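Participant: If you want the building blocks of each chain, they are given just below.
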Amino acid sequence: MSQAGQSWGRYPDAKQSIIAISDRHHGLPATAETILPYGNGRSYGDSCLNDGGVLLHTSHLDRFIRLDVATGVLDCEAGALFSEILDLIVPQGWFLPVTPGTKFVSVGGAIANDVHGKNHHRAGTFGRHVLELELLRSDGSRRVCSATQYPEWFAATIGGLGLTGLITRASIQLRRIASPWMSTEVHRFDDLAGFFQLSESSDRDYEYTVAWIDCAAKGRALGRGLFTRADHAPACPDRRPSAPARHLRVPFVPPISLINPFTLRAFNALYYHRQRQPIVRATTHYEPQFYPLDGIRDWNRIYGPRGFMQYQCVVPPTAAEDCIVRLARIIGSAGGGSFLAVLKQFGALPSPGMLSFPRAGATLALDFPNNGNRTLRLLNELDDVVAASGGAVYPAKDARMSGHRFRQYFPAWESFSQFIDPRFSSSFWRRVME
Amino acid sequence: MLRVLIIGATSAIAEATARCYAARGARIFLVARDTTRLIDIAEDLRIRGATNVDHAMLDVNNQPAHAGVLEQAWQKLGGIDVALIAHGTLPDQSACESSVETALAEFATNGTSTIALLTALAPGMEAQGRGVLAIISSVAGDRGRQSNYLYGAAKAAVSTFASGLRQRLAKAGVSVVTIKPGFVDTPMTRNFRKGALWAKPDAVARGIVRAADRGSSVVYLPWFWLPIMLVIKHIPEFIFKRIKL
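The listed protein sequences correspond, in order, to chains A and B. Here numbering that gives the first Met the number 0 is used: position 371 in the first sequence is 370, and no number is missing along the way. Here numbering that gives the first Met the number 0 is used: position 81 in the second sequence is 80, and no number is missing along the way.
Don't take each hint at face value.
Here are the simulated lysine-lysine pairs, DSSO-like style, with alpha carbons at most 27 Å apart [as the list claims (entries may be wrong)]:
(1) Lys243(B) <-> Lys232(B)
(2) Lys243(B) <-> Lys170(B)
(3) Lys102(A) <-> Lys193(B)
(4) Lys232(B) <-> Lys14(A)
In case anyone wonders, no lab produced these hints; they're calculated from the structure. What you are looking at is a predicted structure, and each value in this text was computed from that prediction instead of being measured.
Whenever a hint applies, use it, and build me the whole structure from the sequences.
Facilitator: Next up, the structure:
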């Protein structure tokens, strides 16, 4: 039975049948249409959609298989969410080796998109910490893949957008922590040069770095923002390790986007000026530090019925500052602006996946309300700058890049295609192969 | 330490409920048909904090096997604080209309077997003088509707049986909790279009644990099914006959 489904960006619309997978020992269901694994739907564009086909929901495939508390190796089924893993491991002194900005992603999704986090300059992508994974193909074959066993399947499946088969389970190397607390410092910077200076000096000494930039600011203030650097804090016995439990929710989809040029400018200015001092130091729980938006459930609804588009690109280190300035100018002159603009420098650690997005350079992530062709034109303009620099755009956040651009950004696509399961497909893949 | 018996332990609602108890460090005994799944679930519950997890294979329609499995559970747990009966299927109503055999088999799975298990568990609970018998019935048991009245009839039998058992065991200090979930997004309901009335298994599981903790009598999960079913139950037959539900 066909159901409407949407990704986190609530764009585009897709209709597909849903089959729930709850037993990792079973084979894949027989279907007439193509299939695509679906974890928790946190991809923004159409890489987690399969219009006209079948989605294999893995939310019931979420069991823990083994946790070695001494070595920090966690073995779990692919539908397990980072949120569940954190609830399990943090009290036992372990943390995820790499985490994106939401904890509501599945392990399978994290592998299939080879996600990164604020510690990319230290730890690289999530795929680097996957010790092994089991890949189930539609021909019934199973492969336990790792860097040494079926390494080519391992490399194709990490960042492989769910197209190489169903990841049933994975084994992950966790990271030791002494407490759930983080020591953080937030620095205000006045322009992009300020960001790059802070980033240079911080990436050496801090595990987590990221910046928010005011995308609505123009002229001299272009690229002003707040730079956060953080480390896991040592144990502090006077604090009780409890997470803030209060959750807000956007209860319905407003008839129009609440994000428009006026609210956007106001929000950005307020956010920038919220911090009066140039530096603020604090000890905070890891949740607000890593997952500030998870505190507001269904926040993606604020963009109204038409949804929004994320755009995340990376530009090479040598051209980084110049490119980011040009991107910021194009966004500024389009007037649309971006509600949240996040800037970070990736490190040089190689990503293990053939189609992994992260590579050395500066990465900029932006949200745009979907204003139809106007937004598409703007993003195409951004693509011109990114492509000319030799950069790339993140498929997990994309709903619109052209096939030409995709193949330019990911030259390994051709060797990757031979690993695609013949019965697997996605809206994204059909679009970029056109 | 809480000692919990779960029958139908591989169902999504039961598994989510078991996770709540595991997080509290309970000792858990799982019963279901599929041993491979039981082994996976048992390991998961141990990692999530259960003090001990044992399991046994049982086809609930094989009534002669009930006693042996229940005996094993009593022994392994050394008493039962909470017994959750959660097994069930969602019969194909039209198949039940064209085959007497199918209809009776589905009634046995969803109705008779539960009554048998409750009957076998009751004396032990009564003798123990404490504990909770929690039974997953359904809102479908509140009124027969053409779309699934075989399932509804079996659940109605379970709800009515539980009501009588509750009266009987109250004197002994044992609570009988009838749980009536509405639509729950589980593999059992995979072929349904999901809308605003659908709940996630872990939300229902939290409701079950809360009801067992309190020793409630009848709970609708989520709560909004109480007013919905109140309305459905009170639609006069002459109107009910003419509508599709």
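Participant: What are the numbers of the hints the structure violates, in ascending order?
Facilitator: Numbers 2 and 4, in rising order.
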